[in-house]
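Undergrad: Chain residues, written in single-letter form:
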Amino acid sequence: MIDFADVAMRLFENMYYLVSVILFVIGFHTMLTHSNLIKKVIGMNIMDTAIFLFFVSTGYVQGGVAPIIEPGVEQAYINPLPTALILTGIVVAVSVTAFALSLVVKIYEHYGTLDAEEIMRIRSTES
Amino acid sequence: MTFINVIHAHSTVLLIVSFLLFSFLMPILERWKNSWCATMAVAAHVLAFVFIGNLSWRVFTEGTIHYELGGWSPPWGIEFVVDYLALFMLITISTVSFLILIFGTVDLTHELKPKVLGLYYTLYLLLVGAMMGLAVTNDFFNMFVFMEIAAISACGIISVKSDRECVEASFKYLMLSAVGTGCVLLSVALLYMIGGHLNFAFAAVAIQDVAHIYPNNILVALALFSVGFIVKAALFPLHVWLPDAHSSAPSPSSAILSGLVIKIYTVVYLKLLYKVFPIELFDLLPVFDMILILSALSIFFGSIFAIVQEDIKRMLAFSSIAQIGYVFLGIGLANSTGLTGGLLHIFNHAMMKSMLFLSAGAIIYCTGIRKIDDLKGIGLKMPVVMGAFTIGAMAMVGIPTTNGFISKLYLALGTLDANKHFYLAIILISSFLNCLYYFPIVINAFFGESEEEDGEEEIQVKKLPLRMSVPLIILGAGCMIFGIFPKYILVIIERAVEMIL
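Residue numbers (this note's numbering), protein chains in the order written: chain X, 1 to 127; chain C, 1 to 501.
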């Protein structure tokens with residue numbers, strides 16, 4: 001018999017992970033099922049953000065503060081490494097988004113639509 | 001002689017830095033001296049040969065090189081490791097991309113608008129640098145960054161032609177590779193969560209220690225890694241981006257994408273499987289069997305799809321899906337003979353597929369023909385190109401005295417060693433299927449008769465420039481030489497396999 005109260009408590013304690021997984025699935029779903037190209041790019045961004053949230057929360061310590069060490073003060077510090085890494089990750093995600101959006105602009109110039117199914121139809125009637 | 005000492009001590013990182021430096025010099029050069037761009041790109045490759053020569057000499061005399069970036073020792077800093085596997089990839093990448101570049105200096109002036117020509121070399125050098133980085137890196141996050149650089153520049157060299165097929169194919173590739181890198185980053189997070197290290201070697205030890213406490217984390221991480229790298233390497237069910245991307249890109253781009261880019265991800269995947277994940281995990285989750293099944297499907301369906309294509313470059317793209325299946329087959333067999341075959345096939349396929357794409361590019365350059373049916377009687381008009389194509393086709397099928405035969409032989413022996421006879425049958429069937437779609441082209445080209453016999457619409461054939469024919473001849477000769485004397489490359493591969501297993 002599963003103790004629901006216990007499970008709920010543990011989920012609540014690990015809320016960051018739960019939320020980031022939910023966000024990941026939302027982003028993934030948006031990206032793969034929507035036919036609008038801009039929505040695909042938005043889905044990619046939500047997915048990336050979910051991963052960043054997940055990565056940053058692995059470095060979080062309950063009650064920790066930013067790791068600026070003052071002499072004589074005993075405190076718990078959070079792990080700064082994931083945060084620093086994700087800064088790079090965000091830069092990468094921004095550049096991928098910029099490139100994707102510029103490709104969307106080009107696609108709109110060529111096909112006159114942003115709908116992936118419409119583009120498929122145009123291509124199949126041509127060839 | 002401090003200068004030589006600096007090169008000697010830092011050649012690992014200088015190799016990658018020189019590619020990045022030259023690639024960012026290109027936009028400046030493009031405005032100032034447009035005609036120098038191609039020369040500088042070639043110069044970057046020549047410089048890389050110097051560094052790789054130094055590295056291979058050191059690896060053969062002193063053993064594996066561990067390079068600490070910025071002087072920070074491994075658990076904190078980024079580490080580059082050059083072992084035999086990395087060296088093998090470096091040699092493959094530099095040689096093949098150099099030849100493709102020589103071909104491209106002429107072909108690209110024909111395919112691209114003059115104003116993007118200089119920027120093309122930026123993307124090309126970035127891509128080559130990122131691939132070399134992926135080959136030597138020993139750090140999770142560094143790997144992620146190089147993967148993103150490779151993905152963006154690979155999409156860039158597809159969309160640079162900016163006609164409608166290229167842009168759409170490039171967008172599709174970008175979206176799917178974003179899924180791939182997303183999965184990889186998430187699994188890096190899962191492993192960092194329990195191991196607390198980003199260095200491959202330290203993470204492997206840490207994961208080994210905690211594997212029994214958090215088995216689910218490791219399993220999910222392994223699954224996500226597999227999905228990420230299989231998307232990137234275009235194994236069968238996740239190959240949907242490849243045919244469009246590789247067939248619509250300019251020919252040198254297709255050659256480097258098919259020949260090298262999809263291979264480097266299989267090598268990184270191989271490194272992760274054997275170096276990072278604990279061996280007991282594979283009892284829990286039969287990941288090697290899954291790879292075998294996927295590779296068999298990939299070999300079979302890639303060939304089937306290739307048979308029905310009408311466009312020559314699209315056919316070659318589908319053939320790549322079948323050939324990447326062989327490489328994964330080698331990984332999945334997980335014994336030394338099979339793995340040797342798989343790694344050898346990376347080298348061999350890099351040569352033959354880039355040669356085939358380049359000869360397809362040469363055909364398009366000289367005649368403008370893309371349809372397979374229109375190639376009748378073209379062989380005698382362009383003997384060098386169709387000769388190279390014939391050697392490539394023979395190597396693809398695996399006829400003795402070509403290099404394709406050697407790697408298929410090793411894979412076949414590997415299936416027997418592993419007692420998996422079913423996959424031997426797959427290899428044989430696939431060879432017959434390869435015959436079925438390569439030989440009609442060759443036979444038609446040499447013995448087929450043009451339909452317009454009266455000469456009213458005789459195909460206009462441009463003369464092939466020297467810089468396009470020389471790479472084809474070198475690659476063709478390479479296919480034959482490594483088919484007859486495979487031991488020159490097997491020296492490195494056998495040592496690499498010894499270190500992996």
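Just so you know, the hints here were simulated from the structure itself, not pulled from any lab data.
Source: prediction; values computed, not measured.
Watch out, some of these pointers could steer you wrong.
The calculated label-pair distances, taken between Cβ atoms and stated as ranges, are [as the list claims (entries may be wrong)]:
#: 1; chain 1: C; residue 1: W32; chain 2: X; residue 2: V21; range: 46 to 56 Å
#: 2; chain 1: X; residue 1: Y77; chain 2: C; residue 2: I304; range: 16 to 26 Å
#: 3; chain 1: X; residue 1: I90; chain 2: C; residue 2: A223; range: 22 to 32 Å
#: 4; chain 1: C; residue 1: R31; chain 2: X; residue 2: A84; range: 50 to 60 Å
#: 5; chain 1: C; residue 1: E280; chain 2: X; residue 2: E13; range: 51 to 61 Å
#: 6; chain 1: C; residue 1: G70; chain 2: X; residue 2: V94; range: 39 to 49 Å
#: 7; chain 1: X; residue 1: E126; chain 2: C; residue 2: T61; range: 18 to 28 Å
#: 8; chain 1: X; residue 1: L87; chain 2: C; residue 2: K33; range: 35 to 45 Å
#: 9; chain 1: X; residue 1: I90; chain 2: C; residue 2: W76; range: 14 to 24 Å
#: 10; chain 1: C; residue 1: W32; chain 2: X; residue 2: L87; range: 57 to 67 Å
#: 11; chain 1: C; residue 1: P27; chain 2: X; residue 2: A84; range: 21 to 31 Å
#: 12; chain 1: C; residue 1: E68; chain 2: X; residue 2: N14; range: 27 to 37 Å
Beyond 12 Å from chain X on every Cβ pair, some chain C residues (computed) [as the list claims (entries may be wrong)]:
#: 13; residue: V6
#: 14; residue: T95
#: 15; residue: S159
#: 16; residue: C183
#: 17; residue: I194
#: 18; residue: L294
We treat Cβ as the ideally placed atom computed from N, Cα and C, and that holds for glycine.
Undergrad: Are the hints correct? Go through all of them and say.
TA: Going through the hints against the structure:
{"no.": "1", "hint": "W32/C x V21/X: 46 to 56 Å", "in the structure": "51 Å, holds"}
{"no.": "2", "hint": "Y77/X x I304/C: 16 to 26 Å", "in the structure": "58 Å, violated"}
{"no.": "3", "hint": "I90/X x A223/C: 22 to 32 Å", "in the structure": "25 Å, holds"}
{"no.": "4", "hint": "R31/C x A84/X: 50 to 60 Å", "in the structure": "36 Å, violated"}
{"no.": "5", "hint": "E280/C x E13/X: 51 to 61 Å", "in the structure": "30 Å, violated"}
{"no.": "6", "hint": "G70/C x V94/X: 39 to 49 Å", "in the structure": "25 Å, violated"}
{"no.": "7", "hint": "E126/X x T61/C: 18 to 28 Å", "in the structure": "59 Å, violated"}
{"no.": "8", "hint": "L87/X x K33/C: 35 to 45 Å", "in the structure": "37 Å, holds"}
{"no.": "9", "hint": "I90/X x W76/C: 14 to 24 Å", "in the structure": "22 Å, holds"}
{"no.": "10", "hint": "W32/C x L87/X: 57 to 67 Å", "in the structure": "34 Å, violated"}
{"no.": "11", "hint": "P27/C x A84/X: 21 to 31 Å", "in the structure": "29 Å, holds"}
{"no.": "12", "hint": "E68/C x N14/X: 27 to 37 Å", "in the structure": "36 Å, holds"}
{"no.": "13", "hint": "V6", "in the structure": "27 Å, holds"}
{"no.": "14", "hint": "T95", "in the structure": "30 Å, holds"}
{"no.": "15", "hint": "S159", "in the structure": "6 Å, violated"}
{"no.": "16", "hint": "C183", "in the structure": "9 Å, violated"}
{"no.": "17", "hint": "I194", "in the structure": "9 Å, violated"}
{"no.": "18", "hint": "L294", "in the structure": "20 Å, holds"}
In terms of the numbered hints stated before, the structure departs from hints 2, 4, 5, 6, 7, 10, 15, 16 and 17, listed from lowest to highest.
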